[in-house]
Amino acid sequence: MKKRHKALILLLVIFIGIPLILWLSWLLTTPRPVSLFIMDKTSFNEDMVKNRAINWVLKHYRFVKINGRNYSPEMDYFGFFPGGENFIIRDLSELSPREIQDMAVSHHVAYYADSYGIFSNMWPSYQPDVTPARKLYGGLEWHDLLFLEYMIELKRLVIAEFIFLAPPTQPAQRKRAEELLGVEWQGWTGKFFHTLDLNREDNQVPGWLPTLYEKNYGKPWDFKNGGIIMVNDADKLLVLEEGYQIIENTHLPIRTEKKYRRIYGMSDKIAYPGWFDVTLPTSETSEVISWYEPNLSDEGRNLLLENGLPEKFPAVIMDAGYKKVIYFAGDFGHTPISRRFVMFKGAKFFELFFADLNDPTDRSAFFLAYYLPLMRKLLGDFQKDLLKENELQ
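Per our numbering, residue 1 is the first one in the sequence shown, and the count goes up by one each step.
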């Protein structure tokens with residue numbers, strides 16, 4: 001009986017005591033106040049997948065609002081708010097330039113999770129079968145850019161993600177955004193697919209890509225291996241298939257420069273599973289933290305060169321000069337990461353237990369091994385600087 005009691009006590013300690021200690025450790029961590037402006041024009045369901053990643057970081061590392069309250073993924077952002085068959089838009093469009101300036105003064109960080117928006121085929125009550133789909137809301141507007149300009153002038157931390165410069169943003173607004181960020185979008189987006197074979201059950205190639213391929217090349221889609229698909233804003237499509245344009249490689253790697261690996265605690269190379277864009281730095285003070293480096297064959301290099309593309313392209317661009325501006329050339333914040341351990345100290349290690357770092361399609365693994373340490377360091381360092389400047393006193 002005594003052995004049985006000891007075993008029971010041990011199990012209680014493991015399953016109740018340890019989680020309780022980790023939760024209390026998280027709860028007793030000193031909150032870090034910082035005022036965040038989060039823009040998300042695309043989250044159209046309660047999962048809020050476009051701002052889930054940044055909110056996980058805020059919650060886990062105790063970044064709170066200036067009033068001490070936690071950020072809410074459902075409420076504490078600007079953009080598109082779903083609600084039954086209807087929706088609400090809450091953004092800067094109704095504010096005067098002076099009010100927008102006041103907004104910039106009252107915020108320390110601007111995080112642009114997604115500016116793409118919502119189209120009628122994404123929102124069932126708005127003619128989903130109409131072709132082409134009609135934009136209901138989205139893209140960068142002049143009021144967004146005025147706020148961005150004020151934030152940069154105030155030396156705030158600005159982080160913009162993939163699709164920030166792409167359509168439906170209009171050319172004039174895009175050009176101004178590029179000037180402010182010190183980058184230039186090349187018009188190309190792409191993604192690595194572990195298989196391009198449409199007959200395989202695990203195929204994830206969107207139906208519009210084979211249709212576009214046939215339109216481009218006048219022949220049916222007949223690929224069997226994995227590969228990278230790239231599409232530009234003029235609907236030109238490139239296929240880099242494993243064994244041909246790509247030397248055998250089961251993923252698209254992101255490589256991080258050595259000095260930044262030490263700063264942010266990231267590995268030399270990690271598989272990136274999402275969409276990316278080709279954006280290049282134009283500012284003299286900009287530095288590339290990480291690169292997309294596909295394992296190209298000579299045929300693949302020539303294909304990219306013929307289309308005005310480099311053989312590797314930036315994944316993260318940082319302006320290290322006057323401005324505190326970072327551009328993520330990838331859909332980094334789109335993650336299925338669960339909130340089950342978010343309020344536990346050391347949650348990263350629990351989540352890594354369920355993630356597969358060897359699976360190039362596992363978005364959770366990329367979030368834990370790359371996005372999380374990067375965002376923790378960026379926000380943590382900036383918040384410390386604010387304290388030194390007495391902005392949070």
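A portion of the hints provided could be inaccurate.
What the hints assert, rightly or not - Heads up, simulated DSS-like pairs for lysine-lysine below, C-alpha to C-alpha not over 30 Å straight-line:
id : residue 1 : residue 2
1  : K135      : K269
2  : K65       : K345
3  : K345      : K259
4  : K269      : K384
5  : K269      : K259
6  : K59       : K388
7  : K236      : K312
8  : K219      : K236
9  : K348      : K59
10 : K219      : K258
11 : K269      : K215
12 : K377      : K65
Stated by the list, open to error - Simulated DEER-style distance windows between Cβ atoms:
id : residue 1 : residue 2 : range
13 : L305      : S106      : 36 to 42 Å
14 : D235      : P31       : 15 to 21 Å
15 : R69       : N203      : 25 to 31 Å
16 : N295      : L20       : 42 to 48 Å
17 : S106      : K377      : 20 to 26 Å
18 : D102      : W221      : 27 to 33 Å
19 : L305      : L27       : 51 to 57 Å
20 : L24       : N390      : 28 to 34 Å
21 : G68       : L305      : 20 to 26 Å
22 : K224      : A133      : 37 to 43 Å
23 : L95       : A133      : 26 to 32 Å
24 : S106      : S338      : 21 to 27 Å
25 : T29       : G83       : 32 to 38 Å
Simulated from the structure, these hints should not be mistaken for lab results. Remember, it's a predicted structure, so these values are computed and weren't measured experimentally. Note that CB positions come from ideal geometry on N, CA and C, so glycine has one too.
Right, here's what the structure says about each hint:
1. K135 with K269: Answer violated: K135 to K269 is near 38 Å, above 30 Å.
2. K65 with K345: Holds. K65 to K345 sits at ~20 Å (cutoff 30 Å).
3. K345 with K259: 28 Å, holds
4. K269 with K384: 29 Å, holds
5. K269 with K259: 14 Å, holds
6. K59 with K388: At roughly 23 Å apart (the allowed maximum being 30 Å), K388 and K59 satisfy the hint.
7. K236 with K312: 19 Å, holds
8. K219 with K236: Status holds; Cα separation ~15 Å.
9. K348 with K59: Distance ~13 Å between K348 and K59 Cα, so the pair holds.
10. K219 with K258: 44 Å, violated
11. K269 with K215: Violated: K269 and K215 sit about 36 Å apart, past 30 Å.
12. K377 with K65: 18 Å, holds
13. L305 with S106: 36 to 42 Å: Violated: the Cβ-Cβ distance is about 48 Å, outside 36 to 42 Å.
14. D235 with P31: 15 to 21 Å: Check failed, 48 Å falls outside 15 to 21 Å.
15. R69 with N203: 25 to 31 Å: 44 Å, violated
16. N295 with L20: 42 to 48 Å: Holds, since N295 and L20 (Cβ atoms, about 47 Å apart) stay within the stated range.
17. S106 with K377: 20 to 26 Å: 24 Å, holds
18. D102 with W221: 27 to 33 Å: 53 Å, violated
19. L305 with L27: 51 to 57 Å: Check passed, 55 Å falls within 51 to 57 Å.
20. L24 with N390: 28 to 34 Å: Hint holds: Cβ distance 31 Å, inside 28 to 34 Å.
21. G68 with L305: 20 to 26 Å: 54 Å, violated
22. K224 with A133: 37 to 43 Å: Violated, since K224 and A133 (Cβ atoms, about 31 Å apart) do not stay within the stated range.
23. L95 with A133: 26 to 32 Å: 29 Å, holds
24. S106 with S338: 21 to 27 Å: Violated - the Cβ-Cβ distance for S106 and S338, about 32 Å, lies outside 21 to 27 Å.
25. T29 with G83: 32 to 38 Å: 34 Å, holds
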